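Quick mapping for you: the protein sequence lines, in order, are chains F, Z and D.
The first sequence begins at 337 in this note's numbering and counts up by one.
The second sequence begins at 337 in this note's numbering and counts up by one.
The third sequence begins at 337 in this note's numbering and counts up by one.
These are computed hints drawn from the structure, not numbers from a lab.
Check each hint, because a few of them may be wrong.
Identical copies go unnamed one by one, so any copy, or any two together, can satisfy a pair.
DSS-like mimics (lysine-lysine), calculated; alpha carbons at most 25 Å apart, straight line [claimed, not checked]:
| hint | residue 1 | residue 2 |
| --- | --- | --- |
| 1 | K610 | K721 |
| 2 | K545 | K721 |
| 3 | K721 | K670 |
| 4 | K545 | K613 |
| 5 | K543 | K613 |
On a predicted model such as this, the values are computed, not experimentally measured, just so you know.
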Amino acid sequence: ITDCSMSLLPAVCFVWQLSMIILFGVFVRYNEESDTHWVDYRKGNNITSDIENDFYFRYPSFQDVHVMIFVGFGFLMTFLKRYSFGAVGFNFLIAAFGIQWALLMQGWFHSLDYTDGKIKIGVENLINADFCVAGCLIAYGAVLGKVSPVQLLVMTLFGITLFAVEEYIILNVLHAKDAGGSMVIHTFGAYYGLSISWVLYRPNLDKSKHLNGSVYHSDVFAMIGTLFLWMFWPSFNSAIADHGDGQHRAAINTYLALASTVLTTVAISSLFEKTGKLDMVHIQNSTLAGGVAVGTAAEFMLSPYGSLIVGFFCGIISTMGYIHFSPFLEEKLKIQDTCGIHNLHAMPGVIGGIVGAIAATAATNTVYGDLGLENTFDFTGPFAKRVPTIQGGYQAAGLCVALCFAIGGGIFVGLVLKLPIWGDPADENCFDDEIYWEVRQFLLTHVSTGIKH
Amino acid sequence: ITDCSMSLLPAVCFVWQLSMIILFGVFVRYNEESDTHWVDYRKGNNITSDIENDFYFRYPSFQDVHVMIFVGFGFLMTFLKRYSFGAVGFNFLIAAFGIQWALLMQGWFHSLDYTDGKIKIGVENLINADFCVAGCLIAYGAVLGKVSPVQLLVMTLFGITLFAVEEYIILNVLHAKDAGGSMVIHTFGAYYGLSISWVLYRPNLDKSKHLNGSVYHSDVFAMIGTLFLWMFWPSFNSAIADHGDGQHRAAINTYLALASTVLTTVAISSLFEKTGKLDMVHIQNSTLAGGVAVGTAAEFMLSPYGSLIVGFFCGIISTMGYIHFSPFLEEKLKIQDTCGIHNLHAMPGVIGGIVGAIAATAATNTVYGDLGLENTFDFTGPFAKRVPTIQGGYQAAGLCVALCFAIGGGIFVGLVLKLPIWGDPADENCFDDEIYWEVRQFLLTHVSTGIKH
Amino acid sequence: ITDCSMSLLPAVCFVWQLSMIILFGVFVRYNEESDTHWVDYRKGNNITSDIENDFYFRYPSFQDVHVMIFVGFGFLMTFLKRYSFGAVGFNFLIAAFGIQWALLMQGWFHSLDYTDGKIKIGVENLINADFCVAGCLIAYGAVLGKVSPVQLLVMTLFGITLFAVEEYIILNVLHAKDAGGSMVIHTFGAYYGLSISWVLYRPNLDKSKHLNGSVYHSDVFAMIGTLFLWMFWPSFNSAIADHGDGQHRAAINTYLALASTVLTTVAISSLFEKTGKLDMVHIQNSTLAGGVAVGTAAEFMLSPYGSLIVGFFCGIISTMGYIHFSPFLEEKLKIQDTCGIHNLHAMPGVIGGIVGAIAATAATNTVYGDLGLENTFDFTGPFAKRVPTIQGGYQAAGLCVALCFAIGGGIFVGLVLKLPIWGDPADENCFDDEIYWEVRQFLLTHVSTGIKH
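Could you build all of it, start to finish, from the sequences and the hints given here?
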């Protein structure tokens with residue numbers, strides 16, 4: 337690592353943050369629910385109580401999602417024995433940058449007020465910014481320990497940009513539904529990260545093999561991440577769902593899918609180890625697959641047993657992925673996937689997209705009710721004539737869009753990151769905090785202090 | 337551990353999860369607030385805004401309770417130096433199974449729609465399922481480190497079943513109130529676990545004595561569990577309380593009782609150690625006793641100082657329990673209670689039931705108001721003529737029911753678990769993750785990586 | 337440490353807790369929203385739904401604030417290699433005492449019902465009590481590892497008392513606004529702690545220098561604290577803001593300020609280390625400075641880019657503080673500041689007060705709307721004629737009041753704590769848990785258990 341590449345980090349942070357300030361100054365304002373004119377707006381729209389401000393519908397879910405982004409993703413990646421600072425610290429850095437850039441990118445596409453050319457933000461924008469960042473944090477999982485913080489920032493800059501465009505195409509142009517983002521977030525994020533990792537393939541990564549693993553306490557730290565992701569996933573999938581039954585149903589479906597996943601993950605983990613033991617890698621990751629896969633259909637009338645079925649199969653597929661598919665991916669396809677995001681996000685994400693397409697196709701007026709069907713799929717305005725079977729096709733198309741943007745974008749960004757200017761670690765220094773962090777002392781040794789008891 | 341017993345775990349997980357899917361398919365549907373017909377229901381019932389969907393009254397509390405179940409209970413039990421995987425991992429497993437089984441069992445008793453024979457679920461059912469599981473997780477505390485995961489699953493299957501029945505008797509037949517579950521959850525869960533532990537008594541547990549203790553960092557991990565339990569306990573006790581003042585008051589009472597408990601726990605802990613030092617075991621556990629004991633009466637007009645008094649005594653009793661009663665329990669009564677649930681849940685739970693009975697008996701129209709009294713105790717329908725003094729008697733009866741189910745059920749389940757087919761650890765392998773988990777490396781040693789600074 | 341001083345802790349805990357019970361018995365009751373008479377109150381005031389109970393406006397924020405107080409502050413201070421029990425345990429103790437005393441002190445000033453002389457409490461009081469305690473926990477950061485638990489309790493007793501008075505003067509007499517407490521909480525708490533630390537200066541603290549630092553895993557524990565503070569800060573700053581747009585805007589401003597701070601913290605941390613590496617001390621602390629500094633103005637129309645600017649500069653100033661100012665403070669001013677609260681709370685708090693004064697001065701009817709301006713600054717009742725420019729002056733006056741109370745009070749309390757009766761640790765025993773805690777075993781060593789694989 338040269339001095340030059342290390343001085344890149346402060347420069348990038350400063351310049352990008354300054355750009356954010358300028359762009360926010362030009363473009364971003366409060367929306368009618370977070371502006372002091374809310375009191376006038378309330379009166380003008382016959383809103384009887386402040387409690388009907390969108391803040392109260394979504395703020396608790398927002399905070400849960402926020403925890404998933406910063407503690408969930410951050411701690412999930414602390415499992416490496418000597419890369420916990422990088423896991424939680426760089427996750428923090430890129431998420432903090434990403435949410436700002438996402439507010440702008442998503443704002444231009446979704447929240448632009450054409451009367452004054454300003455982006456008007458409220459709590460739903462904050463949630464969407466967190467969602468957008470989630471895609472990039474998933475991608476970080478593939479390259480964990482093998483890239484520099486500047487590379488991560490570049491990856492995030494492009495990732496958010498690509499995300500905002502594919503999201504616009506999927507949700508607005510195709511009018512597909514994706515409440516929990518199986519397609520928009522997970523499929524996109526995972527294949528984006530895997531494509532980058534493929535381009536950045538390191539044939540001699542073995543040199544740091546001794547650090548590419550966990551130690552007892554780092555596995556416990558990682559469980560903090562796992563559990564906060566698992567517990568708050570119902571909030572994730574319901575955060576931007578429709579008020580009322582939409583949010584309610586999305587939470588129930590997610591709760592059930594995740595519960596089911598835990599049991600099949602444990603079953604497969606124990607079944608495929610010679611001695612019948614469990615592997616923390618599976619418990620930390622595959623237990624979450626049901627939440628990913630129920631994302632698109634979370635708001636639909638998937639029914640409780642439908643959610644359980646989705647979770648059931650995802651637990652199996654994801655754990656089998658860790659056992660059989662990850663080694664294949666590394667050896668044959670030359671994709672080094674540190675956290676196994678292919679098993680946790682890519683496959684379950686694609687399954688989620690397919691489940692969503694099927695569930696949409698199968699939707700009927702009998703099950704949903706006339707108004708319910710219209711509300712759930714937003715068959716209004718230009719889409720008033722769309723019917724469930726057609727919707728199913730558009731859902732499937734949405735999945736393809738996510739895949740194209742992810743793989744195409746990932747290869748492009750991977751090539752950018754291959755430029756020899758970013759200060760990435762040498763093969764023998766991967767998975768090691770000491771390159772980017774001041775590490776004072778590794779071990780807690782007992783120092784006699786001469787206290788008289 | 338034979339191969340046979342280890343292959344039991346995958347089999348149980350698969351078969352039980354499949355059964356859940358089938359039973360959910362036959363029985364479980366969304367209720368009117370989580371179904372797409374909500375929009376029709378709203379109109380039919382003159383509900384002015386989506387914000388009056390029960391989701392918005394209870395979802396924030398639900399998520400807090402969910403954290404208590406998975407992070408709270410899970411991390412509280414990580415205190416053992418070499419059983420953190422088992423603590424947090426098996427807690428995860430049995431809770432994920434338990435919530436599904438609880439939705440069914442409680443559903444049949446409480447949420448069955450007799451018009452179509454379906455259980456209709458909403459957010460309140462999710463909370464109740466978490467509550468039901470809490471009872472089994474408490475029981476896990478008594479046998480922590482001494483049973484196999486399959487035994488835990490069996491314990492949970494029976495525990496949830498017993499819970500649903502005793503809960504139905506206490507809440508519906510006796511019409512006792514128990515917002516925070518001092519009787520229904522804590523008394524039941526604790527004596528259920530202690531009875532099982534009594535049946536499974538291991539005379540030679542000394543062989544793994546060297547692992548039955550904490551290490552510096554595992555005590556810090558356990559504090560994560562303690563604090564999330566402590567902080568979110570107001571949500572636990574108010575989660576299913578009445579809308580409006582009921583939830584509000586339950587939160588206040590619990591907040592105060594817990595604050596008071598902390599001070600007396602510290603006092604007793606310091607007082608009874610020869611050198612005046614504090615013991616982390618007490619801080620991790622006894623500080624929570626006030627939350628347990630204020631559970632039944634949380635919704636009542638206990639008044640702020642009443643809550644402080646409850647917390648005051650429970651801190652004392654619980655800490656004294658750890659110092660004096662736990663050794664007695666083990667040596668004389670042959671009950672090995674790994675986490676000391678007798679001190680944290682059993683005694684405070686019984687106190688909570690008694691406090692509830694007294695508070696109900698003492699309720700007056702002057703303090704509660706006519707409508708307030710009727711609302712708080714649900715003196716409506718078949719119970720319209722009940723008066724506080726009678727209610728007090730039924731509260732006491734409820735406590736007895738909880739105790740009977742717990743001890744009777746616990747002994748029966750203990751005998752089932754004694755069958756030599758479950759793969760439980762040998763005496764010398766108790767409290768050791770290495771039997772059930774792949775453990776890669778215990779210590780973080782400093783490996784020189786040759787980085788040039 | 338003499339026997340006498342160690343027996344002080346139980347005595348103080350008992351006597352103070354008993355006093356709380358008596359004072360609560362005399363003074364504290366439920367308010368109209370948490371009392372069973374709410375049902376009558378609702379009817380009398382034409383409140384259409386239980387959802388308009390203040391509980392539903394503020395409870396989710398309350399729980400987030402509660403997490404910040406107990407997990408946030410507690411774990412942030414676990415960074416020391418051998419003082420994690422003290423960090424999280426004593427934080428727990430003083431917060432649990434402090435919230436009770438704060439309910440009384442703040443109650444007398446703010447929630448006294450003059451018709452019956454009782455303090456009437458609801459969820460907003462619980463939040464304010466947590467806020468009040470935050471001031472004392474900030475102060476704890478300055479003296480971490482150098483004082484006894486009894487000294488901390490004394491510090492909290494006086495701190496809460498001083499807080500309640502300065503808060504009354506600033507918010508009620510001067511009618512300054514301070515939603516997130518930049519002045520009332522952070523400036524006060526920080527200078528209070530620094531003044532105490534100055535009086536308690538230990539010239540020979542070098543003797544425990546080997547313990548005044550972190551170890552790898554303790555830094556990861558501290559990140560739990562950092563992240564929960566960072567994530568829930570939007571709830572902190574919006575918890576007691578006005579219903580509707582007030583809470584909504586405060587959350588947005590805080591979210592943005594904090595995001596901005598992360599990038600400049602990383603930039604400065606990397607820039608000033610010789611090798612360009614990052615320092616966990618900065619990431620753990622300075623990333624939070626934006627939340628502190630945006631506190632006073634959080635509810636104002638600061639605009640999104642205004643929040644980013646505040647965060648931008650605070651990240652720089654706070655990190656520079658750790659690098660340059662902390663050594664100066666210790667060597668020249670003889671202030672030993674264990675956690676660097678001068679950089680995290682004092683400077684950003686003062687900046688927050690100034691930003692608030694400027695933002696108030698600059699407020700116009702055009703930006704706020706007539707009603708909006710009146711609502712935001714509460715220009716009603718005796719303050720109906722106040723205008724923004726005057727308000728700005730009163731905001732500045734508020735900052736001075738906070739500083740005076742903090743420094744004056746801190747010096748006085750410091751002198752009290754100098755009395756040789758409190759059992760504080762000798763210079764060579766600072767930063768060491770073994771004086772006040774039973775520590776069983778420091779290291780997790782691999783003990784062969786003879787399991788046959």
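Evaluation of the provided hints:
1. K610 / K721: neither (56 Å within a copy, 65 Å between copies)
2. K545 / K721: neither (57 Å within a copy, 71 Å between copies)
3. K721 / K670: neither (47 Å within a copy, 72 Å between copies)
4. K545 / K613: both (23 Å within a copy, 23 Å between copies)
5. K543 / K613: between (29 Å within a copy, 23 Å between copies)
Taken one by one, the earlier hints fail for this structure at numbers 1, 2, 3, listed in ascending order.
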